[in-house]
Each structure stands twice: as C-alpha cells, then as structure tokens.
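Asks: One letter stands for each residue in the lines below.
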Amino acid sequence: MGQYILRRLLQAIPLLIIITVIVFFLMKTAGDPLAELALDPRITESDRILARAEYGLDDPLPTQFLNWLVGDDWRSRELQLPIQQESTEGTCLGTPINEGERVTITLDNGTEQETLLQNGRCYRVVYLQGTARGILRGDFGDSIARGRPVLEVIGAVLPNTLLLGITSYLVIITFAFSLGIFQALRQYSFFDNLITTFSFILVSMPIFLVALLSVYIFAVQFRKWGLPYLPVQGMYSVNTDGSVGDLARHMILPVFCIAAISVAGYSRFVRASMLEVINSDYVRTARAKGLGERRITYVHALKNASLPLVTLMGLDIPFILTGAIVTERIFSWPGMGTLFLESLNRLDYAVVITFVLMLAIAVVLFQLITDILYAVLDPRVRYS
Amino acid sequence: MKKLFRIVSLSLMLSLMLVIGVRVVSAQGSTIVIGWEQEPSQLSPASDMAFASYMTNFYQRGHVEFYGNNAEITPLMITEIPTVENGMVVTTDAGATQVTYTLREGMLWSDGTPITSADCLVGHRLYSDESTGSFQRGTYLEQVASVEAVDDFTFVMTYKAAFPDYLVDATPQCGWPAHILNPLLDAGTQLQDMPFMSPAGATSFVGYGPYVISEWRVGEQVTFSRNPNWGNNPWEQAPAIDNIVTRFIFDASQMRNALEVGDIDMAFNWPVSDAGAYNALADTFVWSTPGVFQDALWLNMQPTDSSAASQAMADVNIRKALIHALDRQKYITTLLDPDGTLGIKVPANYFHPNWVPEDVQPLAYDPDLALDLFADAGWTDTDGDGVLDDGNGNPFLIRAYTTTAQIRLDFLTLMQADLAAIGVTMQFFGVPGGTVLFASYEERGIISTGDFDMTLFALSFDPLSPNITPEWFTCDAIRVPGGSNGYGFCNPDFDALIPQIATTVDATARAELYHSAARLLSEGQFWHGLFPRNTFYAVNSAKFNPDSMVDMGVLTGNYFNRVEYWTPAN
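In the order they appear, the protein sequences are chains A and B. Numbering follows our numbering, in which position 149 of the first sequence is assigned residue number 149; successive positions increment by one, without gaps. Numbering follows our numbering, in which position 52 of the second sequence is assigned residue number 52; successive positions increment by one, without gaps.
Any given hint might turn out to be false.
[As the list claims (entries may be wrong)] Okay, the calculated bits of chain B under chain A, using three or more residues with CB under 8 Å as the criterion:
#: 1; region: 219-229
#: 2; region: 254-261
[Stated by the list, open to error] Not close to chain A: a few residues of chain B, all C-beta gaps over 12 Å, as computed:
#: 3; residue: D368
#: 4; residue: L397
#: 5; residue: G430
Simulated from the structure, these hints should not be mistaken for laboratory data. We put the CB at the ideal spot given by N, CA and C, even for glycine.
The shape of chain A in the complex, shown without the other chains (with noise of 0.2 Å):
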C-alpha cells in the first residue's frame, strides 16, 4: 500500500506542473491586469513602469514563469524612469549630457541618481531587486489587486469556505444517505415517488436559480408575509457580536443552496445502490441467520451501498476547498469562490493560478484518499 501511495503522489508531479504551466500561461495571455494604468492621468509612467516591474510584466514570459516558479531574489532589474521635470535640450537637471550617455547627477539633497539621455528625453536609472522567491520555496507571489501575498489573502477567507463547505456537506451526506436508504425501503411508495419528483426538479434547476428562487421566498417574500425571514448576504449581521446563532441564520440559505441540489443528486445514487444491494444473497442470508433489520440495513447493506457513493464524493470534496462560487457571490459570503472570481475579473494571476492549483492538489489527493477507502470498504481491492 505505502508503494501504491508513493507510486501515486509521484505521478501527480508531472500532472501538477502541466496543469500549472497551462494556467499561468492562460492567464497570462488573458490580458494585462494592469492595463488600465495606461488610462489614468492621475498615474505618471515612471510610477506605471514601477508598477509593472514589481510584479515582472514586462518580463518575457518564459522568464515570468521561472519567476513564478524559482522566484527573482537573484536578480534585479534596471528601469529608466522618465523624469518629468524640465529639461533644455543636452541636459538633464541642469547637467550636460550627451545622447545615449550615463551620466551620474548629485542632486539638491546630496543622493547621487545615474541619469540618461536617450532620444531626446532624460531618465532616471534605478535597480529594482527582485523580491520573489518562487513556488518552489513557499513564495506564491503577490496579490496585484490587493497589494498583500497570496497566502495572506487567500488565508483571510478559506476558513470562511471551509465553514460554508464543511457544514454543507454533513448536511448532504445526513440528508442524501436518510433519504436515499428511506426510499429503498420503500420502494414505489407515496413518499419515494415524491422525493423522486422532487429531487428530478432539483437536479434539472442550476444553482443559481435556487438561490435566487430561496432568496425571494425566504427573505423578500417571507418579510412582505411578516414571516422571520433570513438574511440574504454576508457572514453576520452588521452590528454584531460574531455570535453562533447569528452566523447560522447566515447560513441557513448559502447550506439550502448548496445541499439542495447534491442531496437530490446523492439520494438518487444512494437509493439505486441500495436497492441493489437489499436485494442481494447476503442480505437474504443476513435475515435468514435473524439479525435486527436495522443492523442489516445500517451495517452490512449499506456499507456496499456506499462504494458509488465514495466515488463521487471524493471527486466533489475538493471543491469545497475553493468554494461554492456561484452560491458564494450571490450571497456575498466572504469566500474562496468570491475571491476567485474577483481575481479572474481583475486579471490578478496570482490569485488565480494558486486557486487553480490547491484545486489540482486537492483533486489528486481526494482521489488517493478515494482508492484507499475502497480498499478499505471492499476487502476484494487490494493495491500492490
């Protein structure tokens, strides 16, 4: 097994560095994040100039992924900032100089600046060292749109969507398996045609529809009815204590969104696997040696019921990690997902491609832990 899983993790290598150099790659000719500079008067160009070369901009790309990845510690970069104060021709602040020509200028307050002339216009030379230090030694880089490194911002709100995630799966996983393994139990009863409705009509809804549809009729219209009514945005109240019962009237919306649709979907597995598996000898056989129905169900059938189940699980338990991003902007919920889809509108790479990349992570490592667990359901699969 401790052969299978290092097999695993290193094949994952080469996976996570081809999804990377896509995403920087993509991102980077997806436009320039700090374009609109260019549009603002109130910005000169040496401050555009500075701008750009502290995130490497104007780098080939090439070398802004290296950048990326090794970081830029190790070199710095010569500006020529132009200077906006007056010139007469031949000399930059007062001092003579010649096309083309470097020339070093003791300024008013005594600091010595290397000046150039070059095609008719001066400017100041400055070394900008490099601050990076790349992936590879922890260093995410910086986010453009905020100014903070990544880690810092995305640390500020992933426990924020860790929460929303987490509580939101206990919730699909309680109501998709009770739901699932009640209408096994009673199969083309009154209640299992009408959670099978019900669930068809919450598949075939986007989720975007859900949340909006759960906003009007808890919130709008349960106030116009003089209902209690929930909240329709953020984390807490405005004026508040940051207390319990205060965060899960928050929740109880974003929670509805998200769960509706996959407890719907989950149900309809869960109900399908256990009608197979009810009906199988060893359960007969179960019964036949007398044991309790409810150890049956619970323990025995349901444990084999549960293989699909593992599968599909373990393919959306990363997206929790990054965020429900619909459900997280209609409900401004201070998350991974709004985050991500801020930075993909502000063209902030950095921001996105580490996104991108804790999903690639989470992905490979849920479905490590999935054939694990499958080895741990079924005795019958063995890794070696």
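With chain A fixed as given, assemble chain B onto it according to the hints.
Replies: This is chain B only, laid out in the frame that chain A set:
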C-alpha cells in the same frame, strides 16, 4: 410511538429554524449601512480604485470640498479660497502661479494631534518624490515646483507655469499626518507598505474627517465610527449618524434584495435598468446624480468610405438633418426613464453642463426640417421606394458602430426606426470596445481610423475643470498614431483655445474661453448627446431623511463628502 417520535422531531427542527430565523434586532442606534459593490484593496486616499476614493470621504478630507451637483466649492481646512481677487493667487516674475494657503487653527487629526503646515509638506514629499511609492500623482510632478511653509498655518505652493486649475488638479495634499508618515518615510517605507494601509492595520489610520475606521471585516464590510476629534470647530459639521457601514454586495440583484429585506439602508451605483424595481420598493427613495460620462453620437466629418451617403456626411447640414430626425428624449423615456422620475435629459454638449453657455442647446427633434435639409442637399426619394437617394440611384445608407453594451444597441434600434421613417437606412454593428472600436490607430481601431459614418460611445470629462483632452479633438490628432480624432473635427480656433483654457487664471476670462470652445464644438455638429450616465441611489426613507442626502456631488472622488449632513428620518 414511532409516529409520535417523528412528529416531535419535526416540530423540534421547525422550532429551531424559527428561533434561528427570528431577526435579531440589535442596538443599531444611528447606523447607516450602504451596499457597496466592490471591496477596495486598501483604504488609501491615493488608492487606485474609485470606490475606495469615495470611501475616503468618510475619514479623510481635503483642503477644500466640492459640494453638490454643480461643484460648489467650500473651504474646509483653509480659511478662505485663494483667488486672484483676494491676493492669495499671484503670478511670479517667471509667469508661474503662486498660491498662498492659510490653514484654519484648531483642526485635529483623529488621534488628537494638531494639524499644521508641516502636514501639507508631507503630501508634497509623497507626491514629488517617486521613491515614496507608486500611486496617483497625476500632473503633480509636471505642475508643482515647490511647497514651502511660511509659519505653522501658512504655506505657499508655487507652480512651474500659469496654472488656473490650482483648486482641482495638482492641489496641496494636506491629508497626511507628518508625525506618523515622516518617520516611516525616513525609514524608507513606501506609502503602500505602511502598516495602516492594509485591512489588518486600517483601524490605526489617522485622518481628518467626520469618521474613523473602526473595523474592516475582509470581504464583508468596513465600519466607520464618529471621529471624536471632529466637530469641535464651526466648519466641522458633527455627523448626526453615529456609524457608517459599507457592506460589500457583489451581485446587483442581491443589492436590491438586501435593501428590500433591510440588510442595508442604501444602495448605490446600480444599473439604470433597475430603476423601476427600486422605485417599486416600499419606503424607498430613489434619485440619481450626474456622472462624468455622456453617451453620444459622433458623426464622421471627414468620411473615408467612398459611398455617396458617407461622402455627404461631410456636409454640416446633412449631419444636422440626421440629428433632427432623431427623437432623443423619446429614447430616454422608452429605455431609461419611463415615468420621468429620474429627470434624464439629452446632454447639450460634450463639456460638463458647468462649462456650457446657456445658448448651446441640443438640436430639436424635427423630422420635417430634417427632410428639408436633405432636400436642400439633393437627397430626396426620387423613385418612391421610401428611401432617400441622390437621383443617381445611390440610396442614403450609413453605417453606425458601437460597443456590445445592450443599452447602446437598444438606442441604435430606436434610432434606426426614426431614420427609416424619413428614408435613411442605417446599419448598425455592436463590436468589442477595447479591441475593435477603441483600438489605437496602429491597431486599426474603428474610431481612430475614421472607418464609420456614425458611432455611439461615451467619453469622460472633468466636471471640475474645463480642460480639454487634445488627442480627441485637435486637428493634429486626426487619424494619426496616438490620435483618437477619427471623426475629423478640425478647427484651428478651437485648437488655439486649448492651451489658453489650461493657463488662463482669471476666472471671467477663462469662462469666456471655454464658452467659446463649447460653441465651436457645437457648431461642428459632430457630437450629439444621447444620455448622461448618472449614478443611481436608493435609500430607506423610513429610516433616513433623503432630503439630507440628495446632494451627492459630482463624480470626481468627492461622492459622499456631505455624509456628515445626513440625518435619520424624523
């Protein structure tokens, strides 16, 4: 027994949901919650985001304030507005503008430290030295020669040349406390890296304004509370509302829902298409203020297409005829303001209304006059097919381009019908703005190269200054690299006015100049306004008094600068 257990369980679950669902009425006191559609990266007065600069007005004020939709100017940190008349604005022997400012005595930073001229020197240090960080310097470096303190409350700002916009551009920067910034700058810390610039340290930001930052919940809200050191002087209006909360709601429809259910008290910057829905909300007052964009039709005066109709556009009367055929106010009523409550009018001129003389008015809708003008130019329906032609079998068919924005396409659809009614065929195309319509001359952009008969887009202006952007209007910007004047407006008199407007300090003389410029633009008959891009607001009128809020100011970062005058509902 099983059934009873189920009933009890279900009842318990429902009760729990109801208990959680009951709205906690917390002690809100006087707190106004404003729905904000974007979270700023940092709460800096030098931030790169317009939304952050609006927020800045809660906790950081400038030396003067521009109140109201007509940009009425009021001294805030200074004793009086410097003018030529009061002798505080003089011209040096070298021809440069020199302005003397006198700070009011008794002003305190939010940490209790007195404000003096030394603080205004910090602003100069930040803006005149590029090593202090990368942020918006604008034309400061180009315009300002020096700032010198005369005494604790007087300082003199000298420009490099004559500079009439000394109140609106390259202004003194007195918003940075010297006792906090100077030590950090001395240590080589750049502005954006200073600890109070990030969300984690924002509550330690020291400013001069009616509120201070009291909490920043990343991704959720920023809370501002009364500044204890504001309101002790006659010019500092003490706020009637104790707290302002800016709540980040990224989805436009959720903004409206949040207002409806009471999660927020005010929604702003929502699309005009939502006006009807906001108007329908109970206890909600809706209003709008002018923005800095006006969508307009730009007609090609120097056609590139060889068709007879395109070539006819060079005739000023044909351009007038086209506009007379368009019922522009009807389009506004149909598409933007069905019940007329928003009061949206056809803009008269490219300039902000502040800079336009009263005699410059939009061309009236008059299809008969349009037909007469076409007939005078030789365009009539000679073959009775309902389309104007030149008698040589050439129909009057023109091409119009705009972006893919639906509202613009809707406007063009209505225009197409009006033009068809007088026999003009207009084909229109929605194309990507950045890469096709507005692309540079080198990239063969439609506007830059003049490859159109008519185009619909918005160009911004500065409502606080009548300065003109040369690359859009001058003769030497017509279809050349770096130029955007693809419609071919060329008037040497107009070109000569641009530097004069930029350097004439005398207010009366300057007004004459920009009125002349507005008239010349109007006479060109190439720019015709369609609708102003207003900013829309909705407030819970049961909780707050809309009359205290409607004067929001013009869009140059000074929105919300009257927030201390806002009052709760009676």
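Asks: A separate judgement is required for each hint: does it hold in the structure or not?
Replies: A quick look at each hint next to the structure:
Requiring three or more residues with a Cβ within less than 8 Å of a Cβ of chain A, the coverage given for the region 219-229 of chain B holds, as 4 such residues are present. Judged by the Cβ-Cβ criterion of 8 Å, the region 254-261 of chain B is covered by chain A as claimed, because 5 of its residues qualify and three suffice. Every Cβ of chain A is farther than 12 Å from the Cβ of D368 (chain B); the closest lies at roughly 43 Å, confirming the non-interface assignment. In this structure L397 (chain B) is separated from chain A by more than 12 Å, as the shortest Cβ-Cβ distance comes to about 34 Å.
Under the 12 Å C-beta cut-off, the non-interface status given to G430 (chain B) relative to chain A holds; the minimum distance is some 20 Å.
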